[in-house]
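Novice: Line by line, the protein sequences give chains A and B.
Residue numbers for the first sequence follow our numbering, beginning at 163 and rising by one.
Residue numbers for the second sequence follow our numbering, beginning at 34 and rising by one.
Note that these hints are calculated values from the structure, not bench results.
C-beta: ideal position from N, C-alpha, C; glycine also.
There may be inaccurate statements among the hints.
[What the hints assert, rightly or not] Covered by chain B, per the in silico footprint, the following chain A stretches (three or more residues, Cβ under 8 Å): (1) 198-205; (2) 332-342.
[To be verified] Reference excerpt, derived from the structure (chain A facing chain B, CB under 7 Å, subset only): (3) L284; (4) A288; (5) S289; (6) Y297; (7) Y301.
So you can see what is in the structure, the chains are spelled out below.
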Amino acid sequence: MLPTDLLFAIAAAREEVPFSIFIELLIMEVAFEIIREASIRTPAPIGPTLGIVGTLILGQAIVSAKVVSPILIIIVALTGISSFAVANFSLNYTFRILRFAYIFLGAFAGLFGISLGIFTHLCILASATSFGVPYLSPYSKLSQKTLRNSNFPVPLWKQEERPSFLKPKQKRKQPAVSRQWLKN
Amino acid sequence: MPYGKFGKFLFCIVFIAFLILLITCTLEEFSQDIKNVLFTDSSIDEISILFIIGMFIGSFFGLSGIFRTGGMMFPLIFVGLSLIFISLFNKIDITNLTPILGNGANSIFVEGAYKFGRYNFIAILFLLNPYIKNIKKTGFLTIGISGLMITIILFLLFGVIQYPTITENYFSLFELTRLVGFGRFFQRFESVFTFIWIIMTYIYISTAFSLIIYTIKKVFNFKYINRILPILTVLILSITHYMPSYNFAISIMDNIYMIIGPLSVIILPILLMLIARIRVKLGGKNEVS
């Protein structure tokens, strides 16, 4: 899917790097994790300095020394920043570990390995339940009603039914016309 | 042995044999295709082991997990396939579709009748009955969506690539994805297609394998089924590795699967259900069910 010019640019950037992409990725990911862990444990005034020294200077030096290619720095940095965009902070720790699992799968079998990882991951998540409610509800059972209350929520006064995945005894949350005319 | 129990036993054994044959042939066929696409230097056995691992994991987490995974993957697959379809519409040459009946009605409807066996997998709707609330609605929906997809794919295939050059079952759609191009940046969508293809195969063989497990549980009254999972996985792996070549798998598909398949997994269950219905109507015990 990459345009040929970009592909040539990536190949040219990797020309002088002695390691395989897998080793490059591991070096960068481990370095990134060390910086992140170190910045947590340092006192607050030094934290940002450490981040700048770690990311900018070390990143520049590592590319100049031709240990890793610049394109890999971009990919690892983007992945690292994206991990902070996860709304649930505890889930972020899981992603940090799983990232290594996916790197190994990708190195082992490429797209096929990553597909295997995604399938396994989805099967584990999809089969998990909490008090009888599927962990991935409402996305695991797509229907017009579930989409209406999750991805494209309608106004509150129009949300007349309770989510079906909770199997409620009383299915209706409010009548069709919830706000009646006031009678004096 | 009461007739009902014998019918159930016969039906289950036939279905288990059919599903094992289906999985092994699919594994051999897909592994060969994946080898051609992704791993040209690897052996088919190594690739099939990866498929078997996925199949084992899928079955370990049960049918509900596989169904929900399929449900979540559906929008992604739908978007991916729609992108492929939309981007290929400008490459369709209507003259490729002519003559409409090709080599004649006889070669299509009479000589090609045995290819009805390609749709044998519809028979698993019989087995899915206990797991689905409204089997009638789901069945029609499944057949409708599958039919629509097949029609669109075939229309694109014949419109874009000339008929004599199409020889493979799955590979032709892969060839189509290589022709995709939105300007200079988005070209050659085969990675999208390959991803969809692999995930679908995992779902397909995991479903078939889970149904083998549940059928065995039902017919032999096993309490725990997870213990027989590794044994059956090794059995299927052995049968797959026993196949000497890709052509052998294709010949099995053509000779046994296509001809005996519809008789055993579609006509036999319908006959059994008819007998059961007649017996119930005559006032006998509802043994055959």
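Novice: Run every hint past the structure and note whether it holds.
Specialist: Hint-by-hint comparison with the structure:
A stretch counts as covered by a chain when three or more of its residues have a beta carbon under 8 Å from one of that chain; for the segment 198-205 of chain A and chain B the count is 0, and the coverage is violated. Given as covered by chain B, the segment 332-342 of chain A fails the check, having 0 residues with a CB less than 8 Å from a CB of that chain where 3 are the minimum. Given the 7 Å rule on beta carbons, the hint for A:L284 holds: about 4 Å separates it from the nearest Cβ of chain B. Of the supplied interface hints, the one on A:A288 holds, with its beta-carbon coming within about 4 Å of a beta-carbon of chain B, less than 7 Å.
A hinted interface residue such as A:S289 counts as satisfied when its beta carbon comes closer than 7 Å to some beta carbon of chain B; here the least separation is about 3 Å, so the hint holds. The interface hint given for A:Y297 is broken, as the beta carbon of that residue sits about 9 Å from the closest beta carbon of chain B, more than 7 Å. At about 6 Å, the closest approach between the beta carbon of A:Y301 and any beta carbon in chain B falls short of 7 Å, and the interface hint on this residue holds.
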